[in-house]
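Order-wise, the sequence lines are chains Z and X. In this text, residue positions in the first sequence follow my numbering: the first is 1, and each later residue adds one. In this text, residue positions in the second sequence follow my numbering: the first is 1, and each later residue adds one.
Hint data in this document are derived by calculation from the structure and do not stem from the laboratory. The structure presented is a predicted model; accordingly, all values stated were derived computationally and were not measured. All residues carry an ideal CB built from backbone N, CA and C; glycine is no exception. Hints are supplied without guarantee of correctness; some may be wrong.
[Said to hold, decoys possible] The calculated lysine to aspartate or glutamate pairs, modelled on EDC-like cross-linking and capped at a C-alpha distance of 20 Å, are:
1) Z/Lys139 to X/Asp117
2) X/Lys98 to Z/Asp205
3) Z/Lys71 to Z/Asp90
[As the list claims (entries may be wrong)] Here are some chain X residues the structure puts well away from chain Z; computed CB gaps all over 10 Å:
4) Ala80
5) Val84
6) Glu140
7) Phe160
8) Leu166
9) Tyr186
10) Ile189
11) Gln209
Each chain is listed here by its residues.
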Amino acid sequence: MAEAAESPGDRGTASPRPLFAGLSDISISQDIPIEGEITIPMRSRNREFDSSTLNESVRNTIMRDLKAVGKKFMHVLYPRKSNTLLRDWDLWGPLILCVTLALMLQRGSVDSEKDGGPQFAEVFVILWFGAVTITLNSKLLGGNISFFQSLCVLGYCILPLTVAMLICRLVLLAEPGPVNFTVRLFVVIVMFAWSIAASTAFLADSQPPNRKALAVYPVFLFYFVISWMILTFTPQ
Amino acid sequence: MTEMHHCTGFLNYFETDSSISSTKKKQECLPQTCSTLNTECMHRRLRDDRHPLATFFHLFFRVSAIVTYVCCDWFSKSFAGCFVTVLLLLSFDFWSVKNVTGRLMVGLRWWNQIDEDGKSHWVFEARKVSPSHIAATEAEARIFWLGLIICPMIWIVFFFSTLFSLKLKWLALVIAGISLQAANLYGYILCKMGGESNISKVTANFLSQTVFQTVSC
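Let the hints inform the model, and build the full structure from the sequences given.
Structure, rendered in structure tokens:
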């Protein structure tokens, strides 16, 4: 509450006081919060508005999109909070990672009858359906991230787990045993933590502060299921 | 959205031609003056307007995805190999139709844009063209729209056949195919409509027109 100094001067003073004369004596003991909205017309920084991209060659389009995908992979490997990464979303990275992971999680590919079909489609469905469910959850909690942005982030952050799968397959070429299992467990745990760190660095900012844990928990579960599938994989 | 109907395509074209003075450039950019240019410019423009390679790739990825899906048993016994191949073909088709062939063949473009406070906008843009330009690229436009409409219908047929024959492991692929192709179709229909809001009337008109033209020629 503001404490205003009593205005000096008696009631009986006849001389007219200048306006706001006592204002310099007012002291405010704490900050008064001010809020409102300022609307600034958005200067579109999007490349599509340039007339130069309307007639650019196909090669330029391809190179630009490839560079965007590569940049996102780098951002997952070294996660930092960067809003600009999220703005240009694309789903190429999640597609490549999903296909790679599903191919590596196949088993029984030698025998053509049990050709690993169901497992392949299963992994695919789990990944995409899980990502869609988490996105719906975060939108229902009031997050201001768009549907495809969230899918993009979740998909790209599967990269550490794909690397873990590669390492596990290599380790499984050696003899089985408790040492083998411990090494794989360690690798999977490290990569799981990395995935969670990378995805929450991007996703947590978009949620209201009292809902962050509610939004992050399904992400934790999603990567946990994938890590479980990786850890319990045994090629027959 | 109507503010975007400016012939930026032509502006870019004329910037490379040093014989046209800069004061004339903006004037020539208007749709009604484009057709009154000298014949050399017009012939060059009409020649440059055909994109046979784009037409080929527009149809190539879609048709080969369908063919691979139908004939995969003949090529290899591996489910995963066939799945991945069809999925990659569908993704390349989605990307090329959205980014390349729509822009080149019919001058339409759509994309998603996210502004600073995280709200996403879908933007649809159509290039304004002169009647002579439309006449030159009519065949390409027809191929574009026919390819865009027929392939999702084929994938819907596959959906029902997969569902009723209970080969459920293919269902994920068919659903992916339908969603990718339907997304492109929907995006381009919205571009074409421009400001009109009654989508069912416009689509019905357009479909009947296209089918009639195809049947009658």
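Outcome of the hint check:
1. Z/Lys139 to X/Asp117: holds, 15 Å
2. X/Lys98 to Z/Asp205: violated, 31 Å
3. Z/Lys71 to Z/Asp90: It holds: about 12 Å lies between the C-alpha atoms, which stays within 20 Å.
4. Ala80: violated, 5 Å
5. Val84: Nearest chain Z Cβ is 6 Å from valine 84 of chain X, so the label is violated.
6. Glu140: Holds, because the least Cβ-Cβ distance between glutamate 140 of chain X and chain Z comes to about 16 Å, which exceeds 10 Å.
7. Phe160: Holds, because the least Cβ-Cβ distance between phenylalanine 160 of chain X and chain Z comes to about 19 Å, which exceeds 10 Å.
8. Leu166: Holds: least Cβ distance 13 Å, greater than 10 Å.
9. Tyr186: holds, 15 Å
10. Ile189: The assertion about isoleucine 189 of chain X holds, with a minimum of 19 Å to chain Z.
11. Gln209: holds, 27 Å
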